[in-house]
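Guided by the hints, dock chain V onto chain Z, whose structure is given.
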Amino acid sequence: MTDDDRVFRALADPTRRFLLDRLFERDGRTLTELESELEMTRFGVMKHLRVLEEADLVVTRRSGREKLHFLNPVPIQLIHDRWIGKYRERQASALAELKTELEKEEAG
Amino acid sequence: MSTMMETKTTQVYRVYIKATPQAIWDAITKPEWTERYGFGGRVEYELRPGGSYRVPTTEAMKRAGAGMGISTPDVMVDGEVIEADPPRRLVQTWRMLMDQATEAEGFTRLTYEIEESGGGVSKLTLVHELEGAPKLAALTAGEREAEGAGGGWSWVLSDLKTLLETGARLGG
Numbered sequence: 393m394t395d396d397d398r399v400f401r402a403l404a405d406p407t408r409r410f411l412l413d414r415l416f417e418r419d420g421r422t423l424t425e426l427e428s429e430l431e432m433t434r435f436g437v438m439k440h441l442r443v444l445e446e447a448d449l450v451v452t453r454r455s456g457r458e459k460l461h462f463l464n465p466v467p468i469q470l471i472h473d474r475w476i477g478k479y480r481e482r483q484a485s486a487l488a489e490l491k492t493e494l495e496k497e498e499a500g
Numbered sequence: 104m105s106t107m108m109e110t111k112t113t114q115v116y117r118v119y120i121k122a123t124p125q126a127i128w129d130a131i132t133k134p135e136w137t138e139r140y141g142f143g144g145r146v147e148y149e150l151r152p153g154g155s156y157r158v159p160t161t162e163a164m165k166r167a168g169a170g171m172g173i174s175t176p177d178v179m180v181d182g183e184v185i186e187a188d189p190p191r192r193l194v195q196t197w198r199m200l201m202d203q204a205t206e207a208e209g210f211t212r213l214t215y216e217i218e219e220s221g222g223g224v225s226k227l228t229l230v231h232e233l234e235g236a237p238k239l240a241a242l243t244a245g246e247r248e249a250e251g252a253g254g255g256w257s258w259v260l261s262d263l264k265t266l267l268e269t270g271a272r273l274g275g
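Chains Z and V are the protein sequences, given in the same order. Quick note on numbering: the first sequence equals residues 393 to 500 in our numbering. Quick note on numbering: the second sequence equals residues 104 to 275 in our numbering.
Extracted from the complex, chain Z is given alone in its bound form (with noise of 0.2 Å):
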């Protein structure tokens, strides 16, 4: 299975979507907090973090005696620019561009 084979796999089903729906809206949880939020047992939770994290899709941290959560965006940047990415325009011009916007809201 090649790595984008992975994330597609991991990504065709709801309960490893919602799961990455939660990290997205919150980084950095315990399988405890992501359990709690589920009608599933403990086990088929870790399954399902299991295939996410095989598609790198979830990136785990030890924090102490907690194992930690976090939502890996960078294979879905991958795909993204495999199909999309040659439409990016330059990004020095972009970045003024942005420093603009910002003093903008600053001054407002």
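It is possible that part of the hints are untrue.
Coverage of chain V stretches by chain Z, computed from C-beta distances (three or more under 8 Å per stretch; other residues unrestricted) [said to hold, decoys possible]:
{"#": "1", "region": "114-124"}
{"#": "2", "region": "258-265"}
Here are the simulated lysine-lysine pairs, DSS-like style, with alpha carbons at most 27 Å apart [as the list claims (entries may be wrong)]:
{"#": "3", "chain 1": "V", "residue 1": "K226", "chain 2": "Z", "residue 2": "K439"}
{"#": "4", "chain 1": "Z", "residue 1": "K439", "chain 2": "Z", "residue 2": "K459"}
{"#": "5", "chain 1": "V", "residue 1": "K226", "chain 2": "V", "residue 2": "K121"}
{"#": "6", "chain 1": "V", "residue 1": "K133", "chain 2": "V", "residue 2": "K226"}
{"#": "7", "chain 1": "V", "residue 1": "K238", "chain 2": "Z", "residue 2": "K496"}
{"#": "8", "chain 1": "Z", "residue 1": "K459", "chain 2": "V", "residue 2": "K226"}
{"#": "9", "chain 1": "V", "residue 1": "K238", "chain 2": "V", "residue 2": "K165"}
{"#": "10", "chain 1": "V", "residue 1": "K165", "chain 2": "Z", "residue 2": "K496"}
Partial pick of chain Z residues on the chain V-facing surface, computed with a CB cut under 10 Å [claimed, not checked]:
{"#": "11", "residue": "V451"}
{"#": "12", "residue": "R453"}
{"#": "13", "residue": "V466"}
{"#": "14", "residue": "L470"}
Hint data in this document are derived by calculation from the structure and do not stem from the laboratory. Yeah, the Cβ is synthetic: ideal placement off N, Cα and C, and Gly gets one too.
The following block gives chain V in isolation, referenced to the frame of chain Z:
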């Protein structure tokens, strides 16, 4: 439960690149590499604890700014090296000076971890601790891409992967 209420402000990015850890290390720390992907700034690293880190604003960024009648700072990003263990681990502080809002949020903490993963592939993990820096966090998460700010770390790492694996950069 207190842990559930705690606001987590760390972003984690991971990418697998068909390259040696040394090649990835060089691509992060050497200006002749950093000018070829992402925002294209030429980094200036003193790779020792307490050493300085700066990304001078590029001529292209300055020209673009001048064309729109706005001033760009001479240095776009600055910080300090906390730990440099080539080609495995780099820890540093990181502050975006592009505008007053991100400058005021102060220094954040950035960690690069590079590990061999077999088959000539290396795993690059970037951890950005963004406590107290919500504006910068939105920027690094790519939430301001529609306004032309670029796609944040995901985009930078995707571009880095493309450069190291194909020798070319993404469109643009």
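Tested hints:
Figure legend: the region 114-124 of chain V, annotated as covered by chain Z; annotation consistent (6 residues with Cβ-Cβ distances under 8 Å, at least 3 required). Note: the region 258-265 of chain V has 6 residues with beta-carbon separation from chain Z under 8 Å; the three-residue rule is met and the coverage holds. A C-alpha spacing of about 23 Å is found between K226 (chain V) and K439 (chain Z), which places the hinted pair at or below 27 Å, so the restraint holds. Distance restraint check for K439 (chain Z) and K459 (chain Z): the Cα-Cα separation of roughly 15 Å lies within the 27 Å cut-off, and the hinted pair is therefore satisfied.
Restraint check for K226 (chain V) and K121 (chain V): the C-alpha separation of about 9 Å stays at or below 27 Å, so the hint holds. Note on K133 (chain V) and K226 (chain V): the hinted pairing holds, with a Cα-Cα distance of about 19 Å set against a maximum of 27 Å. Proximity of K238 (chain V) to K496 (chain Z) is assessed by CA-CA distance (about 15 Å); at most 27 Å being required, the pair is judged to hold. A distance of roughly 20 Å separates the Cα atoms of K459 (chain Z) and K226 (chain V); the hinted pair therefore holds under the 27 Å criterion.
For the proposed pair K238 (chain V) and K165 (chain V), the alpha carbon gap of about 22 Å is at most 27 Å, so the pair holds. For the proposed pair K165 (chain V) and K496 (chain Z), the alpha carbon gap of about 19 Å is at most 27 Å, so the pair holds. For V451 (chain Z), the interface hint holds, since its Cβ comes within 10 Å of a Cβ in chain V; the closest pair sits about 5 Å apart. Because the beta carbon of R453 (chain Z) sits about 6 Å from the nearest beta carbon in chain V, less than 10 Å, this interface hint is met.
At about 5 Å, the closest approach between the beta carbon of V466 (chain Z) and any beta carbon in chain V falls short of 10 Å, and the interface hint on this residue holds. A cut of 10 Å between beta carbons decides the hint on L470 (chain Z): the least distance to chain V is about 5 Å, and the hint holds.
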